[in-house]
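Asker: Sequence:
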Amino acid sequence: VVSGDWSMGGKWVYVLAFALVASLAGAQDDGPFEDPECDANGSCPIYAGYQCTTDVRERGEIDLDVKDMADAADSFDWGTAKAIFQNGKNSRTSSGGFRTLEGFSTQANEKMSEWPDYQLFRAYYNDNPAYARDYVLDALDASGEFAEAGDFARAETSVKGAQYLCTAMYVIHEMEDSVQDCLASDITDNDGGAKAWDETAAFYVGSIVGDNTFTADDGELQYGLAFNRELQFTGSADVNQAVMSLLNEGKSIVDSESPRNCARLAEIKDEIIDWNKIPLLQGLIRYAFLADENSGGTSGNLDKARGEGNAFARSILPYINGTNPEIGEFIDANFPPVGQAVKDGYQTVVGRLEELYGGEYFRDVTADKVGTLTAADDIGANDDGGLSGGAIAGIVIGVLAGVAILILAALWFMKRRKSKTSYAKEANVGGEAYGANTGGEGY
1 VVSGDWSMGG KWVYVLAFAL VASLAGAQDD GPFEDPECDA NGSCPIYAGY
51 QCTTDVRERG EIDLDVKDMA DAADSFDWGT AKAIFQNGKN SRTSSGGFRT
101 LEGFSTQANE KMSEWPDYQL FRAYYNDNPA YARDYVLDAL DASGEFAEAG
151 DFARAETSVK GAQYLCTAMY VIHEMEDSVQ DCLASDITDN DGGAKAWDET
201 AAFYVGSIVG DNTFTADDGE LQYGLAFNRE LQFTGSADVN QAVMSLLNEG
251 KSIVDSESPR NCARLAEIKD EIIDWNKIPL LQGLIRYAFL ADENSGGTSG
301 NLDKARGEGN AFARSILPYI NGTNPEIGEF IDANFPPVGQ AVKDGYQTVV
351 GRLEELYGGE YFRDVTADKV GTLTAADDIG ANDDGGLSGG AIAGIVIGVL
401 AGVAILILAA LWFMKRRKSK TSYAKEANVG GEAYGANTGG EGY
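Just so you know, we're using UniProt numbering here: the sequence shown kicks off at 1 and counts up by one.
Any given hint could turn out to be false.
Okay, derived cross-link-like pairs now, DSS-like style, lysine-lysine, Cα gap no bigger than 25 Å in a straight line [what the hints assert, rightly or not]:
no., residue 1, residue 2
1, LYS67, LYS82
2, LYS111, LYS277
3, LYS277, LYS369
4, LYS82, LYS111
5, LYS277, LYS67
6, LYS111, LYS89
7, LYS277, LYS343
8, LYS89, LYS67
Treat the hints as calculated values from the structure; they're not laboratory data.
Hey, can you work out the whole structure from these sequences and the hints?
Answerer: Rendered as structure tokens:
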């Protein structure tokens with residue numbers, strides 16, 4: 001296509017330009033990376049740099065259920081949203097049926113009765129073993145405490161209940177399961193440590209993100225929440241970097257030969273749980289601002305802000321109450337499912353939350369890690385904020401494509417100019433070169 005100077009310097013400039021264009025041609029594929037050794041059977045996915053060694057791809061696709069449920073709820077199609085929540089749609093089990101978001105809650109008492117975090121949540125919610133399911137169904141059905149709630153609030157609480165009450169507790173379950181299997185030297189059990197630890201990564205990151213960082217802000221699970229909260233707060237915490245590093249450290253333990261360091265695996269589990277409280281606190285702070293009628297954050301949908309605030313409160317209130325019951329009552333009163341929210345004011349709410357930092361269930365949480373809210377002015381935007389992954393990728397690809405085109409255009413122009421100069425020299429042997437200034441304007 002382009003001919004001309006193929007000396008070492010010129011050759012490599014052309015090669016670089018064409019390589020850039022060629023790479024861009026394949027850059028549109030933003031699906032999760034698949035390890036070539038696993039392509040034949042579709043196993044062993046990678047989640048944000050975490051390489052699974054067991055086939056947990058179907059687990060990761062539970063985020064597609066969240067996305068489809070959210071699409072239905074955002075359209076106030078409550079029947080479809082409820083059907084997805086209860087019956088599943090995208091995440092198949094080994095028996096051929098579907099894994100369900102509701103099942104994470106209805107199976108909790110059987111699977112998690114010994115786990116401290118589940119015990120804390122169940123006790124806080126009146127010893128109701130299926131507290132998460134009931135919260136979501138009340139929102140979808142406009143029943144119970146949501147009987148008088150607006151549609152926007154119902155949409156937000158139902159979906160976020162599925163994300164941060166149902167699925168988040170199941171992430172904890174998978175880690176606890178791994179620790180117990182490690183202690184029992186049963187790491188290869190069918191539901192054992194290696195597989196359960198991979199499932200932790202799958203349920204934390206999800207298939208939408210996979211191993212593609214361009215789609216991080218589209219994530220429907222905890223990874224997506226943490227990614228976007230980091231963009232909206234000045235805090236020093238990089239929750240996803242910390243969590244993924246810990247998950248990889250834990251994987252090195254469960255994949256190792258005996259004796260395994262089960263004590264360290266238990267510490268890692270606790271550290272991950274603690275890190276994941278930061279995005280929930282940030283969500284609560286963000287919607288305290290947006291739901292406060294006097295904060296200036298009400299330019300958008302107040303009903304939506306109230307719903308989001310209630311959902312984030314419910315996802316962390318058991319920890320707050322366990323640390324300071326008086327602050328727990330205060331937060332609960334400021335984030336009701338209906339009626340006036342943040343009645344004591346945004347700044348007061350933030351101040352009371354900061355009193356928790358360093359306390360019983362917030363030992364590793366600091367004001368520096370949480371930071372200050374910086375991006376809360378657009379309530380109409382996706383709660384997770386920012387441009388979509390596709391939009392960001394499109395911008396980057398467009399810029400790189402533009403650079404490549406400019407390089408090729410410049411090379412073509414220089415080649416064309418050089419060809420004309422050579423022609424002029426050949427045509428003016430013994431005379432002036434073509435284009436020389438001979439008393440008039442140059443070419």
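Asker: The structure should be examined with respect to each hint, and the outcome stated for every one.
Answerer: Do the hints match the structure? See the list:
Distance check on the hinted pair: LYS67 and LYS82 sit about 13 Å apart at the alpha-carbon level, within 25 Å; holds. The suggested pairing of LYS111 with LYS277 holds, with an alpha-carbon distance near 22 Å, which does not exceed 25 Å. For the suggested pair LYS277 and LYS369, the alpha carbons sit about 11 Å apart, so the restraint of at most 25 Å is met. Taking the CA atoms of LYS82 and LYS111, the gap is near 24 Å; set against the 25 Å cutoff, the hint holds.
Restraint check: the Cα-Cα separation between LYS277 and LYS67 comes to about 22 Å, which is no more than 25 Å; the hinted pair holds. A C-alpha spacing of about 23 Å is found between LYS111 and LYS89, which places the hinted pair at or below 25 Å, so the restraint holds. At most 25 Å may separate the alpha-carbon atoms for a hinted pair to count; LYS277 and LYS343 meet this at roughly 24 Å. A C-alpha spacing of about 11 Å is found between LYS89 and LYS67, which places the hinted pair at or below 25 Å, so the restraint holds.
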